[in-house]
Each structure stands twice: as structure tokens, then as C-alpha cells.
Amino acid sequence: MMENEEIERLRRIVADLAALPRPEARRVYGREGAPRSVAVLPGAFDPPTLAHLALARAAGDRGFDTVLLSISTRTIDKEAAGGLDAAERLYLLGAITAADDRRGVLVQNRGLYAEQAGAVRAALPSAADVAFVVGMDKVSQIFDTRYYENAAAALAALFTQARLLVAARGDLDRGALRTLLERGPARGYAERVSWLELDPRWRTVSATRVRERLARGELPREWLPLQVANYLGAHAARFTAPGR
Numbered sequence: 019m020m021e022n023e024e025i026e027r028l029r030r031i032v033a034d035l036a037a038l039p040r041p042e043a044r045r046v047y048g049r050e051g052a053p054r055s056v057a058v059l060p061g062a063f064d065p066p067t068l069a070h071l072a073l074a075r076a077a078g079d080r081g082f083d084t085v086l087l088s089i090s091t092r093t094i095d096k097e098a099a100g101g102l103d104a105a106e107r108l109y110l111l112g113a114i115t116a117a118d119d120r121r122g123v124l125v126q127n128r129g130l131y132a133e134q135a136g137a138v139r140a141a142l143p144s145a146a147d148v149a150f151v152v153g154m155d156k157v158s159q160i161f162d163t164r165y166y167e168n169a170a171a172a173l174a175a176l177f178t179q180a181r182l183l184v185a186a187r188g189d190l191d192r193g194a195l196r197t198l199l200e201r202g203p204a205r206g207y208a209e210r211v212s213w214l215e216l217d218p219r220w221r222t223v224s225a226t227r228v229r230e231r232l233a234r235g236e237l238p239r240e241w242l243p244l245q246v247a248n249y250l251g252a253h254a255a256r257f258t259a260p261g262r
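Residue numbers (our numbering): 19 to 262.
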């Protein structure tokens, strides 16, 4: 019952934020305080995986006061949800970050990173240093001018307020980042983009692959935090494809 009540509380927060006309971010889990440096790991987390935790750990090793895993009520170029709504994902993020008082969970209502940066700074005004932790697949999207009405203004707003920590994703490695930063709009912001080392075994673990296995009736515990695996196992019928 307590689990259901907590998820309903989070659903109300998500609905309230989604209805706001202005960018806003709220911390729903984690220690209150006035951090001077914050790493924000945005994602759909559908579901949260051990790769997500590895990214959070790698960012924490860079000395940030706080590492926040962040879900948006709006997404850019994301496929349909795989069964967990935003409140359930926030709940699971709270469960897997509870043991580390330097970690927390954020929910915000914008998809573009330039707007997210402003919302994060408003929510955490003490933070002199804000960094978004992203994979190589996402950093290419950030610099893709097709996603903006005014790309120059949006990128300037983003990098005035935040910087990027970029980790390998699949075959996209540090060399791919170096190439990206040598051309186009990315070139002007190269000094605001840094590489984040990540254990190679997590490069190919993704929530998409987890959902594919769930649809086949499999529970890939080797890719999932215990709390997430247990939750998915308890709700397995929601994820299994018909006929399985």
C-alpha cells in the first residue's frame, strides 16, 4: 500500500509540472542542501538499469556534490513508453539512489537541454557548476540544429548555464566525440564538453534492450538494480508480448 501511495504522490507532481507553462524542476528524492556542483543525468529510465547507475557513479567520482537522475515530462525523439509511467520510474530511481546521500532524483518539464539547464539552476541556485551527463548518442542530438527554432540562441543558453560530460555509447567512443567537436556548431563549445570514462561493459546495455527481453518473457536481472528487477518481476504481465 505504501508503494502505491508513493507512486500516486509522484503522479500528482508529474501532472502539476506538465501543466505549467514555464520551465521548472523539482527534486523529489535526495538530501536537501545547497550543493555547489551538480551533475544531472537526464533520461527516460524506462526502466532504470545498472548502466544508468554506472554513469551516476562515474559522475560522482568526478567530485560533484550531488548527482541527480532526471526525468522529463516531455521527451525529444523518444519511442513510446514501454509500460512504466513517469511516476513509477521516479519511484524506482528513488529506490536505487536511496543508499547514497550524494544522489537524488529530479523531475522537470522540458525536453530541450537549454531549457532544462535554466530549470535546474532555478531549483538549485547554490550550484555554481552544473553538468549534464549524456551518452554519445545524445550529444549528437544536442548539436543537431533541426531540433531548435533558433539553434544559436539555444546552444548559447545551454552552455552559458551548464557543461556536458559525455560517455561512450555502443561503438561511439572518444574519437567520435573528438570528430563531432571539430565541426559545425559543436566546435564553438568544445571547451564546455568533457569526456567521462565508463566501464566498457555498460556501453551496450540499454532500457530498450531490457524492454525487448521483457516482451519475450525474460527478466534480465544481470542488467538491472535489484529493486528494479523485483518491481518488473512483480508486474511481468504488463510487459510480456501477447502469446508469450
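Keep in mind that the hints were calculated from the coordinates and are not lab data.
Yeah, the Cβ is synthetic: ideal placement off N, Cα and C, and Gly gets one too.
Misleading hints may appear alongside valid ones.
What follows is a set of in silico ranges between Cβ atoms, one per label pair, in the way DEER data are often shown [stated by the list, open to error]:
(1) 144 / 117: 18 to 26 Å
(2) 244 / 34: 24 to 32 Å
(3) 200 / 254: 44 to 52 Å
(4) 31 / 144: 18 to 26 Å
(5) 55 / 31: 48 to 56 Å
(6) 146 / 254: 23 to 31 Å
(7) 210 / 93: 34 to 42 Å
(8) 80 / 140: 19 to 27 Å
(9) 117 / 55: 18 to 26 Å
Results of checking the hints against the structure:
| no. | hint | result |
| --- | --- | --- |
| 1 | 144 / 117: 18 to 26 Å | holds (24 Å) |
| 2 | 244 / 34: 24 to 32 Å | holds (31 Å) |
| 3 | 200 / 254: 44 to 52 Å | holds (47 Å) |
| 4 | 31 / 144: 18 to 26 Å | holds (22 Å) |
| 5 | 55 / 31: 48 to 56 Å | violated (25 Å) |
| 6 | 146 / 254: 23 to 31 Å | violated (45 Å) |
| 7 | 210 / 93: 34 to 42 Å | violated (24 Å) |
| 8 | 80 / 140: 19 to 27 Å | holds (23 Å) |
| 9 | 117 / 55: 18 to 26 Å | holds (21 Å) |
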